[in-house]
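Undergrad: Top line first, the protein sequences correspond to chains A and B. Residue numbers for the first sequence follow the numbering used here, beginning at 5 and rising by one. Residue numbers for the second sequence follow the numbering used here, beginning at 5 and rising by one.
Possibly wrong hints are sitting among the right ones.
One copy or two, either will do: identical chains are not told apart, so a pair holds if it fits within one copy or between any two.
Unchecked claim - Mimicking BS3-like on lysine-lysine, the simulated pairs with C-alpha atoms at most 30 Å apart in a straight line are:
1) Lys92 x Lys42
2) Lys18 x Lys106
3) Lys42 x Lys28
4) Lys92 x Lys106
In short, the hints are calculated from the structure, not lab data. Owing to the predicted nature of the structure, the values given are computational and were not obtained by experimental measurement.
2 protein chains.
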Amino acid sequence: MIKVSVFYASGEGKNFDIGYYCEKHMPMVQRLCGAALKGMAVERGLSGMTAGSAAPFLAMGHLYFDSAEAFQSAFEPHLNEIMGDVPKYTNIQPTIQISEVKI
Amino acid sequence: MIKVSVFYASGEGKNFDIGYYCEKHMPMVQRLCGAALKGMAVERGLSGMTAGSAAPFLAMGHLYFDSAEAFQSAFEPHLNEIMGDVPKYTNIQPTIQISEVKI
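Model the full structure from these sequences, guided by the hints.
TA: This is the structure:
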C-alpha cells in the first residue's frame, strides 16, 4: 500500500479553506480516481509539539493506493481538473510525497 | 481525534533505520502510552509527486489520541525515555505537529 500525502505549509499570508477541502475537493478527487483509491484522510494543523506553538502545516491530505503505478494511472488523467481546483481553497503551493505504508 | 505526526526530513547525510523504528521504537511508544494511544502509523518516503524525484521526508510516524490533553498526559511522563531512543535510529531532528483529524 502506498500513501500520497499533500502538505500545505503554514506561513505569513497563507490561507486554507478546510470546509471546501473536505466537502468539495476531496470528494471530487475520490470520484475521479474511482476504485483505485483505497482510502483517504484529512487533517487540520493545531500546533507543534507543545500547545500554542505554530503548526508547520495548515492542513494535510492523504490518498491511499495499492501502488505508485495505480496512483499514477488513476490520478494523471485528471491532473488538470484536480490542480485547477486548488486555488478555490488555498494560496499555498503544496508539497507532495509518495510513501510506503509500513504500519 | 487528534494525530501527532513526527516528520523526519530527508537531506545530505541524513539516515533513518526504518526496521528499528517499526520493530523497537514504535512498540516502545505504544507500551509507554498505554490505552490512551488509539492507533499509530508509519510510512517510509519513496518519492515526490513523480517517480524518481526526491521524497521530502525519509519517514513519518503518527500517533492517534482522543485529544491533545490525552496525548500530553500519556506522553510527557515518558518524554526522556522516548527521546533518548531517537539517536538509535536516526540523526534527523524531527518536526512534530499535532493535527485535528477531519476525515
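Undergrad: Against which earlier hints does the structure fall short, listed by number upward?
TA: Of the numbered hints given earlier, the structure breaks none, since each of them holds.
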